[in-house]
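There are 2 protein chains.
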Amino acid sequence: MRNISDIIEGYLKGVIEVSERDYIEIKRNEVAEKFQCVPSQINYVINTRFTADRGYLVESKRGGGGYIRIKRIRHHTKSDVLSDIIERLEHGASQSMAEDIVFRLLNEEIISKREAKLILSASDRTTLLLPLPTRDDVRARILIAMLFTLKYQSSI
Amino acid sequence: MRNISDIIEGYLKGVIEVSERDYIEIKRNEVAEKFQCVPSQINYVINTRFTADRGYLVESKRGGGGYIRIKRIRHHTKSDVLSDIIERLEHGASQSMAEDIVFRLLNEEIISKREAKLILSASDRTTLLLPLPTRDDVRARILIAMLFTLKYQSSI
DNA sequence: ATAATTAAGTCAAATATAGTCAAAGTCAAT
DNA sequence: ATTGACTTTGACTATATTTGACTTAATTAT
Numbered sequence: 181m182r183n184i185s186d187i188i189e190g191y192l193k194g195v196i197e198v199s200e201r202d203y204i205e206i207k208r209n210e211v212a213e214k215f216q217c218v219p220s221q222i223n224y225v226i227n228t229r230f231t232a233d234r235g236y237l238v239e240s241k242r243g244g245g246g247y248i249r250i251k252r253i254r255h256h257t258k259s260d261v262l263s264d265i266i267e268r269l270e271h272g273a274s275q276s277m278a279e280d281i282v283f284r285l286l287n288e289e290i291i292s293k294r295e296a297k298l299i300l301s302a303s304d305r306t307t308l309l310l311p312l313p314t315r316d317d318v319r320a321r322i323l324i325a326m327l328f329t330l331k332y333q334s335s336i
Numbered sequence: 181m182r183n184i185s186d187i188i189e190g191y192l193k194g195v196i197e198v199s200e201r202d203y204i205e206i207k208r209n210e211v212a213e214k215f216q217c218v219p220s221q222i223n224y225v226i227n228t229r230f231t232a233d234r235g236y237l238v239e240s241k242r243g244g245g246g247y248i249r250i251k252r253i254r255h256h257t258k259s260d261v262l263s264d265i266i267e268r269l270e271h272g273a274s275q276s277m278a279e280d281i282v283f284r285l286l287n288e289e290i291i292s293k294r295e296a297k298l299i300l301s302a303s304d305r306t307t308l309l310l311p312l313p314t315r316d317d318v319r320a321r322i323l324i325a326m327l328f329t330l331k332y333q334s335s336i
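Quick mapping for you: the protein sequence lines, in order, are chains C and D. With the first sequence counted from 1, adding 180 to any position gets you my numbering. With the second sequence counted from 1, adding 180 to any position gets you my numbering.
Note that these hints are calculated values from the structure, not bench results. A quick note: this is a predicted structure, and the numbers were derived from the prediction, not measured. Where hints are given, some of them may not hold.
Where chains are identical, the list cannot tell them apart; a pair therefore holds if satisfied intra-copy or between any two copies.
Said to hold, decoys possible - Derived BS3-like pairs (lysine-lysine); straight-line CA-CA distance at most 30 Å:
no., residue 1, residue 2
1, K214, K293
2, K251, K331
3, K293, K241
4, K293, K207
5, K207, K258
6, K214, K193
7, K193, K207
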């Protein structure tokens with residue numbers, strides 16, 4: 181039996197998928213009602229699953245006519261996706277950030293499953309085995325170096 | 181009368197056997213309950229019987245809706261070459277060692293050119309930016325981790 | 001303007017899982 | 001009887017999810 185957060189995540193992604201535009205607007209209370217949960221659960225889902233690292237941008241408005249808008253960040257080229265990620269890596273990278281990023285790259289078909297596994301294994305905390313905050317800095321440099329390689333790859 | 185660990189091992193393998201997919205998801209507490217043992221016994225069974233060396237890959241999630249997922253993996257055909265290299269990496273790796281290894285893997289067609297570049301960029305001294313001898317240890321661990329994932333490729 | 005109403009946001013406690021580690025127990029081979 | 005490998009157990013830790021009380025912001029009504 182799956183948890184409700186995963187179900188709501190799947191639902192929202194499905195709605196984005198079939199949407200004409202690349203964003204959707206939801207009413208927090210309606211979604212909470214639909215899934216029989218408290219409204220703040222929707223915030224939880226958004227904060228843990230629709231992050232910038234995973235390629236989403238969220239905006240909202242309170243009060244009458246309020247909404248939560250979830251936008252899938254679309255770049256024109258793969259190179260742009262990589263630049264975007266590299267930029268956000270400049271200030272260190274936790275393991276979960278690395279995981280989100282790799283999963284996103286896989287999703288956008290910028291890397292293969294094998295490459296995803298290579299990157300994840302290289303940036304795993306049990307691999308680096310360094311004390312914080314050094315570990316997060318080294319991880320960030322490793323990720324940046326690899327993504328740079330992907331970005332400026334001479335075509336074979 | 182066999183011990184409980186062997187019985188649980190047999191049970192889990194049976195479940196994998198009859199499963200449609202090549203992986204299963206269990207709830208640690210449920211299995212512990214079924215066999216009347218403490219939950220950590222399940223970890224013991226998994227750590228001793230469902231290791232990568234025996235051809236399994238285990239993932240898990242804590243919290244509500246948590247699970248333990250056990251997957252079957254298959255060995256890469258070039259597994260022996262990789263084992264060989266991994267063994268020789270146990271005592272640290274200089275950058276030139278890393279380069280030699282990557283070229284050998286490329287030559288033996290175990291990795292692609294793109295993968296070669298990824299591995300080299302991750303293990304470069306300007307990426308790691310750590311003082312010796314830490315740097316060579318971290319490089320070795322990174323290489324080992326990456327080669328390990330190549331060796332045990334999930335069949336999914 | 002001000003108050004009332006309608007939304008969304010925050011945060012921490014409660015709950016639900018799984019992981020770690022070391023002490024204690026078991027058993028077969030000296 | 002002793003040793004050593006393997007197993008069992010449970011206290012403690014780590015992490016993810018769920019829930020709800022309280023806060024903040026925007027709009028609407030007076």
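The hints, checked one at a time:
In this assembly of identical chains, K214 and K293 lie within 30 Å of each other by CA distance neither inside one copy nor across copies; the values are 35 Å within and 36 Å between. Proximity of K251 and K331 under a CA criterion of 30 Å is satisfied intra-copy only: 15 Å inside one chain copy versus 33 Å between copies. For the identical chains of this complex, K293 and K241 are inter-copy neighbours only, at 21 Å across copies versus 34 Å inside a copy, given an alpha-carbon limit of 30 Å. For the homomeric pair K293 and K207, the shortest alpha-carbon distance between copies (27 Å) is at most 30 Å, but the shortest distance inside one copy (36 Å) is not.
Taking the closest pair of Cα atoms, K207 and K258 never come within 30 Å of each other, the shortest separation being 32 Å inside a single copy and 39 Å across copies. In the homo-oligomer, the alpha carbons of K214 and K193 lie at most 30 Å apart inside one protomer (15 Å), although the nearest pairing across protomers, at 36 Å, exceeds that limit. Within a single copy, K193 and K207 get their C-alpha atoms as close as 15 Å, and across copies as close as 26 Å, so both meet the 30 Å cut-off.
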